[in-house]
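Colleague: Here is what each chain is made of, one letter per residue.
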Amino acid sequence: MSYIEIRGLCKKFGDNVILDHVDLDIEKGEVVAIIGPSGTGKSTLLRCLNLLEKPEAGTIKVDDRTYDLKTKDRRVKQNLRRESSMVFQQFNLIKNKNSLENVEEGLRIVKKLGKEEARKKALGALEHVGMSDRLYHYPKHLSGGQQQRVAIARSLAMEPNLLLMDEPTSALDPELVGEVLVTIREAAKAGNTTLLVTHEMNFVRSVANKIIFLENGKVVASGAPKEIFGYPNNDRLKEFLAKINMLEGAEYNI
Amino acid sequence: MKLFDWKLVFDQIPPILSALPVTIELTLIATLIGYVLGLLLALIKINKIPVLRQLAVLYISIIRGTPILVQLYVTYYGIPLILKYHNMRFGTNYNLNAIPAILFAIIALGLNQSAFDSEIIRAAIQSVDKGQIEAAKTLGMTGFQILRRVILPQAVIVALPSLGNSLISLIKGTSLAFTVAVVDLTAQGRILAGKNFRYFEVYCSLAIIYWVITVVLENAFKVLEKKFSIPDQPKSPAKEKVEGGVA
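Just so you know, the protein sequences line up as chains A and B, in that order. Each residue of the first sequence is one higher than the last, beginning at 1 in my numbering. Each residue of the second sequence is one higher than the last, beginning at 1 in my numbering.
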């Protein structure tokens, strides 16, 4: 039994099948990266797991708690959302709150921690991402990379059982990508169970334990980075890797 | 007899101002009704609640599509009619003459405000970036917590200039209350003019009074806007003592 088990996840937008019975196992402390062409449901997969999208079918088991993803029960939804926390492509910091307040918000309002305790935790989380010198800056005072680091601190402070990262570096200027990747690597090293959607293939190769190749709503290939990049056994995967110049085999070098 | 009595214009301002509390009372309560009902209507429209939404759309359309003067008269004659019907039908004994006139004006102006404010509030709420709401959801915040802590504080910043406008037109709208026998600033002025027949001077005095009130309000809203907006510059960390022993 895996720490996290996703079973039979289905999602349609109208008649368009986005996710087609996706099964996924994640072990505790593992970093699983989802790669694949755009429009194949990578982000939707993540967003179904915290019900930002309503899937048609599917269950998720976290530790020994099983949730029906199409539940209508508000309490169950709330509990499910508290299992995970999400880092967004567009950072999505609350604009009328400064860095410290952004991190404290979930701790105070959702976890109901006391003022002192929440502040201590928030300060610690912000220190981890190297943002201690920007505690009272509002999102509009921060660069994209800094905003994303605060967003990561906000997610980590909630001590989620599953960290969801939806293309966390895609909206950043190239020179700011590095600082965020370093932060994510730290989070991964610290043992946060992570599901990561990204196009940073070199980063995936060095940080992920397992890679899932998603196409047309199906898991087409999965394996350790070495297998995926080194010995891809699936034609579609080979084609995808060739297109993004990540294939190591000579015959596919362009 | 002077053609135009300059002195009188200013001399009769204090006696007119004796009715200021009535104008303020009208304005404040109507504004409050406008905000509360307006927020409710806005939320009904945004969340597309069936039946209520259609009713809200109809209500807003009717209120915005009819003159405030007509609305004042409809409340003035309509509410007693309803109570009379109630008396006849259920044998109750409401005293129709005991209803203070100001109540009609407050109801009419409040409902009028709610229709206009609801559209302002709706637009402001919908201007709040969806991503933040998603982020708050994923943190596990409830709908009400998100509304109160994320959406409304930001919507207020967007809505304030328009709400200020709406309040200013309300202040001037209260001058119509004299038609339903409320003695507000305008009515008080007309009473004074009825004695000395200096109508032109009284209306000049009234113009000055309303203008000053409006200027005060405009500036109050500027202060509020500044207070609610996110500061342009981050607070300098040197001035802020960092607690918790973080370097």
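No wet-lab data here; the hints were simulated from the structure. Backbone N, C-alpha and C define an ideal beta-carbon position, used for all residues, glycine too. Any given hint could turn out to be false.
In silico BS3-like links for lysine-lysine, alpha-carbon gap of 30 angstroms or less [unchecked claim]:
#1 K115(A) - K226(B)
#2 K95(A) - K45(B)
#3 K45(B) - K70(A)
#4 K72(A) - K120(A)
#5 K226(B) - K54(A)
#6 K95(A) - K48(B)
#7 K235(B) - K140(A)
#8 K77(A) - K218(A)
#9 K97(A) - K227(B)
#10 K28(A) - K189(A)
#11 K130(B) - K218(A)
Which chain A residues face chain B? A few, computed with CB under 8 angstroms, are given here [stated by the list, open to error]:
#12 V110
#13 Y138
#14 M158
#15 E159
Colleague: With reference to the structure, classify each hint as holding or not holding.
Modeller: Quick rundown of the hints versus the structure:
Restraint check for K115(A) and K226(B): the C-alpha separation of about 27 angstroms stays at or below 30 angstroms, so the hint holds. At roughly 25 angstroms between alpha-carbon atoms, K95(A) and K45(B) fall within 30 angstroms of each other, so this suggested pair holds. A hinted pair counts as satisfied when its Cα atoms are at most 30 angstroms apart, and K45(B) with K70(A) qualifies at roughly 26 angstroms. For a cut-off of 30 angstroms, the pair hint linking K72(A) to K120(A) is broken: about 35 angstroms separates their Cα positions.
A distance of roughly 40 angstroms separates the Cα atoms of K226(B) and K54(A); the hinted pair therefore is violated under the 30 angstroms criterion. Distance restraint check for K95(A) and K48(B): the Cα-Cα separation of roughly 26 angstroms lies within the 30 angstroms cut-off, and the hinted pair is therefore satisfied. For the given pair, K235(B) sits about 13 angstroms from K140(A) by alpha-carbon distance, which is consistent with the 30 angstroms threshold. This hinted pair checks out: K77(A) and K218(A) have alpha carbons roughly 25 angstroms apart, not beyond 30 angstroms.
Our distance criterion of 30 angstroms between C-alpha atoms is met by K97(A) and K227(B), whose separation comes to about 14 angstroms. Distance hint between K28(A) and K189(A) is fulfilled; the C-alpha atoms sit about 12 angstroms from each other, no more than 30 angstroms. In summary, the hint linking K130(B) to K218(A) is supported, as the alpha carbons are separated by about 29 angstroms, within the 30 angstroms threshold. Given the 8 angstroms rule on beta carbons, the hint for V110(A) holds: about 4 angstroms separates it from the nearest Cβ of chain B.
Interface restraint check for Y138(A): the shortest CB-CB distance to chain B comes to about 5 angstroms, inside 8 angstroms, so the restraint holds. The criterion of a C-beta within 8 angstroms of any C-beta in chain B is met by M158(A), whose closest approach is roughly 7 angstroms, and the hint holds. For E159(A), the shortest C-beta to C-beta distance to chain B is roughly 12 angstroms, which exceeds 8 angstroms, and the interface hint is violated.
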